[in-house]
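Undergrad: Starting from the structure of chain A, add chains E, W and Z where the hints point.
Protein chains in written order, with the working numbering: chain A, 135 to 402; chain E, 135 to 402; chain W, 135 to 402; chain Z, 135 to 402.
A hint or two may mislead.
Identical chains blur together in the list; that is why a pair holds if it fits in one copy or across any two.
No more than 30 Å apart at the CA atoms, straight line, and that leaves these computed lysine-lysine pairs for DSSO-like [what the hints assert, rightly or not]: (1) 171 / 199; (2) 206 / 370; (3) 199 / 270.
FYI, nobody ran anything at the bench for these hints, they're computed from the structure.
Number of protein chains: 4
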Amino acid sequence: MSALDNLLNDLVIANRILANEDVVDAYGHVSVRHPDKPDHFFLARSLAPEFITGDDLIEFTLDGKPVDKNEKRAPYLERFIHGGIFEARPDVMAVVHAHAEDILPFGLTNGTPMRPVIHSGSFIGSHVPVWDIADKFGDTNLLVANVEQGQDLAKCLGSANIALMRGHGFAAAARSLIEVVRMSVYLPRNARALWRATQLGGEIKYLSQGEIDARNRGYSPYSVETWRAWHYWATKAGVGKLVTRPDKGKAAAKPTKPTKKAKGKRRK
Amino acid sequence: MSALDNLLNDLVIANRILANEDVVDAYGHVSVRHPDKPDHFFLARSLAPEFITGDDLIEFTLDGKPVDKNEKRAPYLERFIHGGIFEARPDVMAVVHAHAEDILPFGLTNGTPMRPVIHSGSFIGSHVPVWDIADKFGDTNLLVANVEQGQDLAKCLGSANIALMRGHGFAAAARSLIEVVRMSVYLPRNARALWRATQLGGEIKYLSQGEIDARNRGYSPYSVETWRAWHYWATKAGVGKLVTRPDKGKAAAKPTKPTKKAKGKRRK
Amino acid sequence: MSALDNLLNDLVIANRILANEDVVDAYGHVSVRHPDKPDHFFLARSLAPEFITGDDLIEFTLDGKPVDKNEKRAPYLERFIHGGIFEARPDVMAVVHAHAEDILPFGLTNGTPMRPVIHSGSFIGSHVPVWDIADKFGDTNLLVANVEQGQDLAKCLGSANIALMRGHGFAAAARSLIEVVRMSVYLPRNARALWRATQLGGEIKYLSQGEIDARNRGYSPYSVETWRAWHYWATKAGVGKLVTRPDKGKAAAKPTKPTKKAKGKRRK
Amino acid sequence: MSALDNLLNDLVIANRILANEDVVDAYGHVSVRHPDKPDHFFLARSLAPEFITGDDLIEFTLDGKPVDKNEKRAPYLERFIHGGIFEARPDVMAVVHAHAEDILPFGLTNGTPMRPVIHSGSFIGSHVPVWDIADKFGDTNLLVANVEQGQDLAKCLGSANIALMRGHGFAAAARSLIEVVRMSVYLPRNARALWRATQLGGEIKYLSQGEIDARNRGYSPYSVETWRAWHYWATKAGVGKLVTRPDKGKAAAKPTKPTKKAKGKRRK
Numbered sequence: 135m136s137a138l139d140n141l142l143n144d145l146v147i148a149n150r151i152l153a154n155e156d157v158v159d160a161y162g163h164v165s166v167r168h169p170d171k172p173d174h175f176f177l178a179r180s181l182a183p184e185f186i187t188g189d190d191l192i193e194f195t196l197d198g199k200p201v202d203k204n205e206k207r208a209p210y211l212e213r214f215i216h217g218g219i220f221e222a223r224p225d226v227m228a229v230v231h232a233h234a235e236d237i238l239p240f241g242l243t244n245g246t247p248m249r250p251v252i253h254s255g256s257f258i259g260s261h262v263p264v265w266d267i268a269d270k271f272g273d274t275n276l277l278v279a280n281v282e283q284g285q286d287l288a289k290c291l292g293s294a295n296i297a298l299m300r301g302h303g304f305a306a307a308a309r310s311l312i313e314v315v316r317m318s319v320y321l322p323r324n325a326r327a328l329w330r331a332t333q334l335g336g337e338i339k340y341l342s343q344g345e346i347d348a349r350n351r352g353y354s355p356y357s358v359e360t361w362r363a364w365h366y367w368a369t370k371a372g373v374g375k376l377v378t379r380p381d382k383g384k385a386a387a388k389p390t391k392p393t394k395k396a397k398g399k400r401r402k
Numbered sequence: 135m136s137a138l139d140n141l142l143n144d145l146v147i148a149n150r151i152l153a154n155e156d157v158v159d160a161y162g163h164v165s166v167r168h169p170d171k172p173d174h175f176f177l178a179r180s181l182a183p184e185f186i187t188g189d190d191l192i193e194f195t196l197d198g199k200p201v202d203k204n205e206k207r208a209p210y211l212e213r214f215i216h217g218g219i220f221e222a223r224p225d226v227m228a229v230v231h232a233h234a235e236d237i238l239p240f241g242l243t244n245g246t247p248m249r250p251v252i253h254s255g256s257f258i259g260s261h262v263p264v265w266d267i268a269d270k271f272g273d274t275n276l277l278v279a280n281v282e283q284g285q286d287l288a289k290c291l292g293s294a295n296i297a298l299m300r301g302h303g304f305a306a307a308a309r310s311l312i313e314v315v316r317m318s319v320y321l322p323r324n325a326r327a328l329w330r331a332t333q334l335g336g337e338i339k340y341l342s343q344g345e346i347d348a349r350n351r352g353y354s355p356y357s358v359e360t361w362r363a364w365h366y367w368a369t370k371a372g373v374g375k376l377v378t379r380p381d382k383g384k385a386a387a388k389p390t391k392p393t394k395k396a397k398g399k400r401r402k
Numbered sequence: 135m136s137a138l139d140n141l142l143n144d145l146v147i148a149n150r151i152l153a154n155e156d157v158v159d160a161y162g163h164v165s166v167r168h169p170d171k172p173d174h175f176f177l178a179r180s181l182a183p184e185f186i187t188g189d190d191l192i193e194f195t196l197d198g199k200p201v202d203k204n205e206k207r208a209p210y211l212e213r214f215i216h217g218g219i220f221e222a223r224p225d226v227m228a229v230v231h232a233h234a235e236d237i238l239p240f241g242l243t244n245g246t247p248m249r250p251v252i253h254s255g256s257f258i259g260s261h262v263p264v265w266d267i268a269d270k271f272g273d274t275n276l277l278v279a280n281v282e283q284g285q286d287l288a289k290c291l292g293s294a295n296i297a298l299m300r301g302h303g304f305a306a307a308a309r310s311l312i313e314v315v316r317m318s319v320y321l322p323r324n325a326r327a328l329w330r331a332t333q334l335g336g337e338i339k340y341l342s343q344g345e346i347d348a349r350n351r352g353y354s355p356y357s358v359e360t361w362r363a364w365h366y367w368a369t370k371a372g373v374g375k376l377v378t379r380p381d382k383g384k385a386a387a388k389p390t391k392p393t394k395k396a397k398g399k400r401r402k
Numbered sequence: 135m136s137a138l139d140n141l142l143n144d145l146v147i148a149n150r151i152l153a154n155e156d157v158v159d160a161y162g163h164v165s166v167r168h169p170d171k172p173d174h175f176f177l178a179r180s181l182a183p184e185f186i187t188g189d190d191l192i193e194f195t196l197d198g199k200p201v202d203k204n205e206k207r208a209p210y211l212e213r214f215i216h217g218g219i220f221e222a223r224p225d226v227m228a229v230v231h232a233h234a235e236d237i238l239p240f241g242l243t244n245g246t247p248m249r250p251v252i253h254s255g256s257f258i259g260s261h262v263p264v265w266d267i268a269d270k271f272g273d274t275n276l277l278v279a280n281v282e283q284g285q286d287l288a289k290c291l292g293s294a295n296i297a298l299m300r301g302h303g304f305a306a307a308a309r310s311l312i313e314v315v316r317m318s319v320y321l322p323r324n325a326r327a328l329w330r331a332t333q334l335g336g337e338i339k340y341l342s343q344g345e346i347d348a349r350n351r352g353y354s355p356y357s358v359e360t361w362r363a364w365h366y367w368a369t370k371a372g373v374g375k376l377v378t379r380p381d382k383g384k385a386a387a388k389p390t391k392p393t394k395k396a397k398g399k400r401r402k
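Next up, chain A with everything else stripped away, as it sits in the complex (with noise of 0.2 Å):
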């Protein structure tokens, strides 16, 4: 399987692993840059993440135009975040736009900003800002529509990992596609600790800057304790075959069959 193939066959677990996670559901979308072209990348088209197959990918073109001038398939209405955040940050490699749920009362609020509270959260970096498309384009239907949308969200988003979109998701941005995923999946927990802590009183403790940085130091997409996860939520999605380890270095484990493939449970 040739590097190209084997980021596909990535992108499509990660296409189920979000939506096994309740971070996707019939809305949401995940993207890959072009490995050797980086004016281009892959998203599925307009389909529930749950359904994506490696049939389903389509390559654009950073303005959200397919590659492919037949492409006769509907593709997703908001190409555009991704197009976007791919052309303003050479560093991104992939991308994340989701509604989960118990991020979008930070977005709705600035009583609560958000922040990473508990370790995994880390990856969502110190700062969190929140984009909220009226400020440019007022009244709008709230998606990000075209290639002016997509880029002043860009700008909103900065350097920072995560952008929180008013009354409407975030969109998540790392330099690999599992480690978009982890944030992803792991920002909605985030959420749930740091709503809690928020009534129990006292003042909450936050990761500091310090302990961000030593995490972001000590994870690479491969190391042992990052993709544990990922194989391991593969296989809760039911895709645990299609996963591999193309990385240098150790020998993938053969990693032992799930005998439940239970799905991830949403807690309120």
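TA: Just chains E, W and Z, lined up with the frame of chain A:
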């Protein structure tokens, strides 16, 4: 399949979607107006929506009487909700009544009126009246059990999309079945985002009237974005095979067969 | 099937419903009074309700002793809850004891007394006493482990339908098995609606005494509306085939087989 | 089966129970001290607990080194939690480390200290210290990654049963595997009841020291009441067949075979 057959087929799908999305359980129901006879509507017999098949549908006149005088099966006690709304609202073609848990608190207190905060909640509309059966009828068992009570509920609903029913649930009304189902699925989600936002402090940003209007303009029952959710929910509810697209316009892309264990295929 | 056989068959169904609806788990139990011997009752042996079959039922006298002197199987430690309530309340024919999570906070503090706010919660009754075992017995392991403690709980329950047990769970009592199960399923739902309503601000509207009375008048164990839920819950719990309708009146409509036996999801 | 074999068999069961009860997911682990070699303990290799089989267990010395010098499989990074506690606490025979969501808020703020409020939470103990790795080690990635950090955590734990780990999770320690699993399952439940009680207003009644002590006196790993939960959880986790009762005392009643669709049998 005739247009009526297709509508009734969709009504079965709607029942199953609402059950699978936890909007209804043992109780709750969804109806459609007869496309050719405005004073008739279709509603299942008294049975949990999860179990409804095409054989369980009964045709009623607006006063809640079965058209077939020999009809022996027990009807839903609260069919008067549907008749009352269809009578008062010639624009409405489908109605849902449900007890969906997460909306109940908003009908119990006026501390935080229900209003759209998330984009998918825009279909709720800017104003959500609360109907209290006790206002006109004093102490009752809270069920809409006759024509007069159904008419009073419809009067409270007015031109809105949804009325909360104090201590009971809600009634939703829309110009199409797909839209009333979508509204009913997103109402609890909007409720959850709103009550959590109230706990975070600060000032909540609600959708503006302009945003609500923009979203109404942009969505039709068979727009790609709307239909994607209908298809997704139907598939998760186990009735994906019943889904059709009888509207004019683009030929329906054949949806990928949904299996939880579908494996991604390598891109060639 | 004799009347007793039918009752015990329903007792098995009741166990399964309570387990599937997350009212009980490893702990919790349901009993029925012997229809012909008021000083006897039936309760399963010490086993999780989810696993109960007809062979697991034991007949007890009100003091918690097995009628069969050769009975070797371990009984539930807290059978004294059942015996105590049956003894004090000749009108009660069925009792549930459970730890259902969502009601626990209401037994821990007097900040917000448990009262019906949603119509399906009316069966809780207008007054829900809280029993604290420490009041009479000082420091204990909080279990109702003897006749005296069971009698003290029953005394606290008085003529109410439900008593919360501080730091432990609740005990529910009704004139029929279907009604005590219904009460036990809706009690947590009422609890959730009430605690969320407290977070929204404003003044909460509780069900009035007149509404509670109207609902009691309108419902019998085999009314169409009540039986629909019993059948639905039994079917979802996998024991739909055991359900019968031995009351006089309409012949039982043949229930549609459920396409999915989805387990009730617990909402937080 | 030797005593050691039985213990390791139980360790597999424990892994599966903790996964099925949502205490652990991709992360988290459980260990047992070697019954004959107090300076050795058993812990799985780096794999999600849901997938653990008997072949995945590794024997370590308290400093976290595999006994088998040829051991190639990656160990859990945080095995030092287990070694540290086993070293400091000769009375402890089993340790759990987990990130269970619901306890996280209590480690983030001192507004509401974690204390038992429900009877099944008594095993938490009256005092639950909060360990903050930053106190001694400054900015880290929050993982217990060496002997020194494991010892510092054990020092904070002192003679308590559980220590919360700020921004991370908890560590639980008990004299038996069944007890540490029970404690770990009920800790999140106690957390949920406590935080909801804080929202209801009024003064919360915590378990008294006398009640905690009474419950400790009354429960042994194989008491009927304790073993019922172990068996139930194991069965729900799909490993019911692995459960044995090697303790002296009553012969184990043959548990009913658990099938979700088990039908009640008519009583003869």
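Undergrad: Compare the structure with each hint and give your call.
TA: Hints, one by one, checked against the model:
{"no.": "1", "hint": "171 / 199", "verdict": "within (15 Å within a copy, 46 Å between copies)"}
{"no.": "2", "hint": "206 / 370", "verdict": "between (33 Å within a copy, 26 Å between copies)"}
{"no.": "3", "hint": "199 / 270", "verdict": "within (24 Å within a copy, 54 Å between copies)"}
Going down the numbered hints, you'll see the structure goes against none, and every one checks out.
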